[in-house]
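Here is how the chains run, residue by residue.
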Amino acid sequence: MISVTTVRRPARTLFVQIYFVEIFKGLMITFRHFFVNLAKHALYAVGLSKESGAVTIQFPDVPAMLGLRARTRHRLLKREDGTPRCTACMCCETICPAKCIHIVAEDSPDVRVEKRAKSFDIDLGLCVFCGYCVEACPVDAIHMDANRVELSAYSRKDMIWNMQELLGDKKKEPSS
Amino acid sequence: MSEPKTVKFKLNGKDIEAKEGQLVIDAAKDAGVDIPHYCYHPGLGTPENPKGNPGNCRLCIVEVAGAPKPQVSCRTQVKEGMVVASDSPAAKRAQQSSLELHLVNHPLDCPVCDQSGECGLQNYYMEIGKYESSVREDKLHKNKRIVAGPHVMLDQERCILCTRCTRFVDNVTKTHELGIFGRGHKEHIDLVPGKTLDNPYSGNVVDICPVGALTERDFRYKVRVWYLDETDSVCPGCSRGCSISLHTNTKRPWHNDGKRVARIKPRHNPEVNGWWICDEGRYGYKSLDEDRLGRIMRLKDQRRELSWTEAFEEVSSKLSSAKGLAVVASGMLSNEDWAAFKPLFVDKLKAEQIIFTPEPDQLGEEDALLRKREKVPNLKGAEVQGLKSYSFPDLRTAIEKGEVKALYVIERDLTKIWGEKTEELLAKLDLVVFQGPNKTATGDLAHYRLPVTAYAEEEGHFTNFEGKVQAYKRALEPLGQAKPDWAIFAGLSEHLAGERQREAVA
Numbered sequence: 001m002i003s004v005t006t007v008r009r010p011a012r013t014l015f016v017q018i019y020f021v022e023i024f025k026g027l028m029i030t031f032r033h034f035f036v037n038l039a040k041h042a043l044y045a046v047g048l049s050k051e052s053g054a055v056t057i058q059f060p061d062v063p064a065m066l067g068l069r070a071r072t073r074h075r076l077l078k079r080e081d082g083t084p085r086c087t088a089c090m091c092c093e094t095i096c097p098a099k100c101i102h103i104v105a106e107d108s109p110d111v112r113v114e115k116r117a118k119s120f121d122i123d124l125g126l127c128v129f130c131g132y133c134v135e136a137c138p139v140d141a142i143h144m145d146a147n148r149v150e151l152s153a154y155s156r157k158d159m160i161w162n163m164q165e166l167l168g169d170k171k172k173e174p175s176s
Numbered sequence: 001m002s003e004p005k006t007v008k009f010k011l012n013g014k015d016i017e018a019k020e021g022q023l024v025i026d027a028a029k030d031a032g033v034d035i036p037h038y039c040y041h042p043g044l045g046t047p048e049n050p051k052g053n054p055g056n057c058r059l060c061i062v063e064v065a066g067a068p069k070p071q072v073s074c075r076t077q078v079k080e081g082m083v084v085a086s087d088s089p090a091a092k093r094a095q096q097s098s099l100e101l102h103l104v105n106h107p108l109d110c111p112v113c114d115q116s117g118e119c120g121l122q123n124y125y126m127e128i129g130k131y132e133s134s135v136r137e138d139k140l141h142k143n144k145r146i147v148a149g150p151h152v153m154l155d156q157e158r159c160i161l162c163t164r165c166t167r168f169v170d171n172v173t174k175t176h177e178l179g180i181f182g183r184g185h186k187e188h189i190d191l192v193p194g195k196t197l198d199n200p201y202s203g204n205v206v207d208i209c210p211v212g213a214l215t216e217r218d219f220r221y222k223v224r225v226w227y228l229d230e231t232d233s234v235c236p237g238c239s240r241g242c243s244i245s246l247h248t249n250t251k252r253p254w255h256n257d258g259k260r261v262a263r264i265k266p267r268h269n270p271e272v273n274g275w276w277i278c279d280e281g282r283y284g285y286k287s288l289d290e291d292r293l294g295r296i297m298r299l300k301d302q303r304r305e306l307s308w309t310e311a312f313e314e315v316s317s318k319l320s321s322a323k324g325l326a327v328v329a330s331g332m333l334s335n336e337d338w339a340a341f342k343p344l345f346v347d348k349l350k351a352e353q354i355i356f357t358p359e360p361d362q363l364g365e366e367d368a369l370l371r372k373r374e375k376v377p378n379l380k381g382a383e384v385q386g387l388k389s390y391s392f393p394d395l396r397t398a399i400e401k402g403e404v405k406a407l408y409v410i411e412r413d414l415t416k417i418w419g420e421k422t423e424e425l426l427a428k429l430d431l432v433v434f435q436g437p438n439k440t441a442t443g444d445l446a447h448y449r450l451p452v453t454a455y456a457e458e459e460g461h462f463t464n465f466e467g468k469v470q471a472y473k474r475a476l477e478p479l480g481q482a483k484p485d486w487a488i489f490a491g492l493s494e495h496l497a498g499e500r501q502r503e504a505v506a
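Protein chains in written order, with this note's numbering: chain A, 1 to 176; chain B, 1 to 506.
These are computed hints drawn from the structure, not numbers from a lab. Wrong hints could be hidden among the right ones.
With a straight-line Cα cutoff of 27 Å, these simulated DSS-like cross-link-like pairs (lysine-lysine) come out [unchecked claim]:
{"#": "1", "chain 1": "A", "residue 1": "Lys78", "chain 2": "B", "residue 2": "Lys139"}
{"#": "2", "chain 1": "B", "residue 1": "Lys222", "chain 2": "A", "residue 2": "Lys99"}
{"#": "3", "chain 1": "A", "residue 1": "Lys157", "chain 2": "B", "residue 2": "Lys259"}
{"#": "4", "chain 1": "B", "residue 1": "Lys251", "chain 2": "A", "residue 2": "Lys99"}
{"#": "5", "chain 1": "B", "residue 1": "Lys144", "chain 2": "B", "residue 2": "Lys195"}
{"#": "6", "chain 1": "B", "residue 1": "Lys251", "chain 2": "A", "residue 2": "Lys157"}
{"#": "7", "chain 1": "B", "residue 1": "Lys144", "chain 2": "A", "residue 2": "Lys78"}
{"#": "8", "chain 1": "B", "residue 1": "Lys259", "chain 2": "A", "residue 2": "Lys99"}
{"#": "9", "chain 1": "B", "residue 1": "Lys222", "chain 2": "A", "residue 2": "Lys78"}
{"#": "10", "chain 1": "A", "residue 1": "Lys157", "chain 2": "B", "residue 2": "Lys222"}
{"#": "11", "chain 1": "A", "residue 1": "Lys118", "chain 2": "B", "residue 2": "Lys251"}
{"#": "12", "chain 1": "B", "residue 1": "Lys259", "chain 2": "A", "residue 2": "Lys118"}
{"#": "13", "chain 1": "B", "residue 1": "Lys10", "chain 2": "B", "residue 2": "Lys51"}
{"#": "14", "chain 1": "B", "residue 1": "Lys139", "chain 2": "B", "residue 2": "Lys69"}
{"#": "15", "chain 1": "A", "residue 1": "Lys118", "chain 2": "B", "residue 2": "Lys286"}
{"#": "16", "chain 1": "B", "residue 1": "Lys323", "chain 2": "B", "residue 2": "Lys401"}
{"#": "17", "chain 1": "A", "residue 1": "Lys118", "chain 2": "B", "residue 2": "Lys222"}
{"#": "18", "chain 1": "B", "residue 1": "Lys8", "chain 2": "B", "residue 2": "Lys29"}
{"#": "19", "chain 1": "B", "residue 1": "Lys222", "chain 2": "B", "residue 2": "Lys439"}
{"#": "20", "chain 1": "A", "residue 1": "Lys118", "chain 2": "B", "residue 2": "Lys144"}
Next up, chain B with everything else stripped away, as it sits in the complex (with noise of 0.2 Å):
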């Protein structure tokens, strides 16, 4: 395909630069010009229209030079020599106006919307609002607090039809579920007779949604959006490895019924999930505040808490002394982890087997959007160090049989691939380790439990099944004793050299 031939255009007396048939709101959001809108979504695009702008909200209306009346920017290509203003007297009037209009039914209750501080209407109010409203009539009331599905809640009031939401689960999903009735002052978004808004993508029609009509369930009330820090992180969730945010609240403990994070929103990135992320993965960060490991613990032969240096210097002695030693270890390790893994496991203690497949502890449903079968981030990142997997039956006769002894296991819970027989397996062996974020059924069952923070905690990088690589960033201070995977496999390698006392003797 060649290049697009590049025109140049006036944009409020500015001379701009942009691609052939581009839309003039595209261009000049590329040269730094906010024009607003709220229907224009570029991801929600048709065959017949890919590029998601219906041009039923008027509110990107400008002047065009030569034009009798103002032309909505989201359905106006830029041509060369065309002349656009977009805060001319003229254009300001017409946005003003259209907004008026949106908020003729609009109930304004902010005060217990959980959009507010995130909103269009609010954010577009300050920028253009009509202050003297010349609006008389009462507002029309409509249906509030609609249960829309098992994470939506609707509020057709607060709706400026901007169909936004309707074409989400036409044109991406494809399931139908949300439409418009009614006519005029009457028309509302409401669920199609027989459906409700269930989808594994439904989430993101909160985030396109540019008012309060759809809100998340999950999220309603918990905590005031002006109180969350925003972090860039990378989706743990499946291989795709979505562009997410984390919501966090630190400031306001009291807030969110004491967690730590509120909310995770897709970031946009056109390389990897472009706008959204699926359910799954928007509502799994409650394994980042539930069932947390934070004390270095010794479980058996005298239960006690460890320091990480009597951790190190036990652990060490005990697996360079293990006979027949079996990793299993998974896709939740970061490109650094797995750096740090395999010089300790494979070249230093000469693992018999090390197993990181997904087995149904980590499998689960995959699609043609976003989700993958394998529900962890970095499998990618153990094949590019080279490792090979053995499987689970090749461990469970190894174990049978006695030739594996000692079992290290990261972040993993055997007790959903083995069932019951888990316990019986484990009795066998004469090491156990556990490290991980959470509390499981195999942490429980180990000699040794190791705390490791959470993605959120750590900085990283995930692979994901492309090869593409992706950094996330520290949202939060690590629990308790926690330290990342990477800096427990480098203190084993420490103490097992015994570089430490060289070091101490030297």
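So that you can see chain A by itself, here it is in the shape it has in the complex (with noise of 0.2 Å):
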């Protein structure tokens, strides 16, 4: 059972009415949070603490450090020979939400692997990042590991990555 908890209304007393109450606490949260951090800086600097304060990334100068999880673009394994991983079972396409997986299959010259992909291309311009076509994956033939963020492109057709580019075989490179 949910059960329901009811919560009265902040009166509007003159305290809050006025604003300026209200303005000097928010204030003093924001210098103290200035100081603090002023002063683990400094102590760091000199040497007495080990611990710096909160630092701003100055991305794009600095590259943006991700964590382990972090779902970045696609990447397509190869085999140990070097033959691409997938085999076009077409599992990532089929649970994608965003439709933005398009595979070609074809036959594959070795028998034992029988299928494989003719083209692999994902419209990043579409992909919404959900790891669901890594989790679909029976040959694991894609990560989301790249670790790259940095994916814009002038135009919707440079979204596109081929399989070349994914597999890591060609860059990508923006259209003329």
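Mind docking these for me? Both chains are given alone in their own frames, and the hints should help you get the complex.
Printed below as a string of structure tokens:
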């Protein structure tokens, strides 16, 4: 059972209505953070503290630091013999909620592999970075760990990455 | 023959009525209980065993009260007062164990298998699978990607040896191309030495194969089955009019080489085609996507694209003033088309000659199983309307004598009948109108070329050679400006009678 708690609205006292008190309270918080951080940086600089204060990352001059589990651009993986792992089973294409994966299949020359992708395109302009494609893959052929977040391009067409680019065989170049 | 006696028996605790002598599996199906099975197929009987139930897959195993051990329901007949359980723990365990045995050497290559999505192993595993396998040995590998025939690919590893395919080639087509070789774990399906699976019904083995051992070469890796839409339709390949299901891929256009129709599967219809269709019909869908007409064209006297209103006005005025009109129609027209055809060409235009008999362009092989000689679905529809056909030699002499000066050709290629002479003959005419769904040599020689919807893009009925009327449904959007034949006939009729103008005045 969900219990219901009735919360009373804050009373509109004179104290609240004149605003200045609340503005002052807010500024107190800002200034507290400023001076605490300043003190931490100063102590760290002279070697009295091991912990530095909060740091603003100077992106894009300094590369972004991403968590280990961050889902970034897709990467297609290869087998030990260098062929793409993808068998074009269309599981990722089927699960993709944004329908941004387009695969075309063909016969593989290796009879034990049977099927492979003829083309494998991901439209990153449509991708919602949900990671379902990675989970759906039965052969561990697609990862989202390229650790690149700078994916912007000057045209929608350039947001589409093909198989060679996803495999890392070819650098993504903007179309002229 | 007297009606078989009705007997009562108990299935999973419910009282069920069945016919005496009926198989438990069939009686259960009629009662809405699907008992899993691979080898049993009602269409694969022989005179000795008309029910087509070798009982070798052991998957349809059920518990029968009083029997010392579980029984296969495809070989057990219903008896009065019988108590059967298909969902008891013992029956479930027996089915589970059978399925586990089927999977011992199955390669589990579902990601690359074309059957995946409509596979008996996948479906039953979800239902009754034993999720913890007790098999520890390595899987035995057999041959893969064997070209069995022009349409069929064989994969021995995936096979579960239900023998449906061998029984099909032995009992239905009687061509005996497939057999079982080896013993024990080495047992496998293979082509009989010196033969290829090239009988005119070879595609059916793919449909009856419950796993991915036999797959279609034509459909191979084109599109995954779960992307397909199914529409009930009727095969226009011959006057049998087999019930088919059109499988279309429209949601993901980059698959199937950009074509809309991916494959044709037979639909069970005991009245017409039973379980099967021929390969000609099965692979006859290519014309639905290739060489289609979509624009209304005036090809002679200032070539230009027209709107339907312009086309109706020009064609109807020329038809009404034409001396000696002949119409070449065909059995490709639906009952609805024939119904609109008659008032236009017979009642209003009073055509000199109407021809719809099949000539070499629409004749082919026939056999005792399904295929008929006339490769058009609806000649009967014309007969029902009381139409009589002239012959092509008559038409030719009439054109040569100058008695016929206008020709209306519907969906036929005259070059396949008259060969090189066609151009010369058509040049003698004042007006040639072609209407059809596909590009043809006749269409290029015509003065007007009108695009028509293919049977997959319209609704209608075909009457087969036995007089059975079947409905086909619309599976696809019409291409370009295409209209159904009846709509064109109706449009021409309206303009002929001047009904449009009168309406405008009123």
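Results for each hint:
no.	hint	in the structure
1	A:Lys78 with B:Lys139	holds, 25 Å
2	B:Lys222 with A:Lys99	holds, 18 Å
3	A:Lys157 with B:Lys259	holds, 23 Å
4	B:Lys251 with A:Lys99	holds, 10 Å
5	B:Lys144 with B:Lys195	holds, 18 Å
6	B:Lys251 with A:Lys157	holds, 21 Å
7	B:Lys144 with A:Lys78	holds, 23 Å
8	B:Lys259 with A:Lys99	holds, 19 Å
9	B:Lys222 with A:Lys78	holds, 24 Å
10	A:Lys157 with B:Lys222	holds, 25 Å
11	A:Lys118 with B:Lys251	holds, 20 Å
12	B:Lys259 with A:Lys118	holds, 17 Å
13	B:Lys10 with B:Lys51	holds, 23 Å
14	B:Lys139 with B:Lys69	violated, 30 Å
15	A:Lys118 with B:Lys286	holds, 23 Å
16	B:Lys323 with B:Lys401	holds, 13 Å
17	A:Lys118 with B:Lys222	holds, 11 Å
18	B:Lys8 with B:Lys29	holds, 15 Å
19	B:Lys222 with B:Lys439	holds, 25 Å
20	A:Lys118 with B:Lys144	holds, 21 Å
Hint violations for this structure: number 14 only, all remaining hints satisfied.
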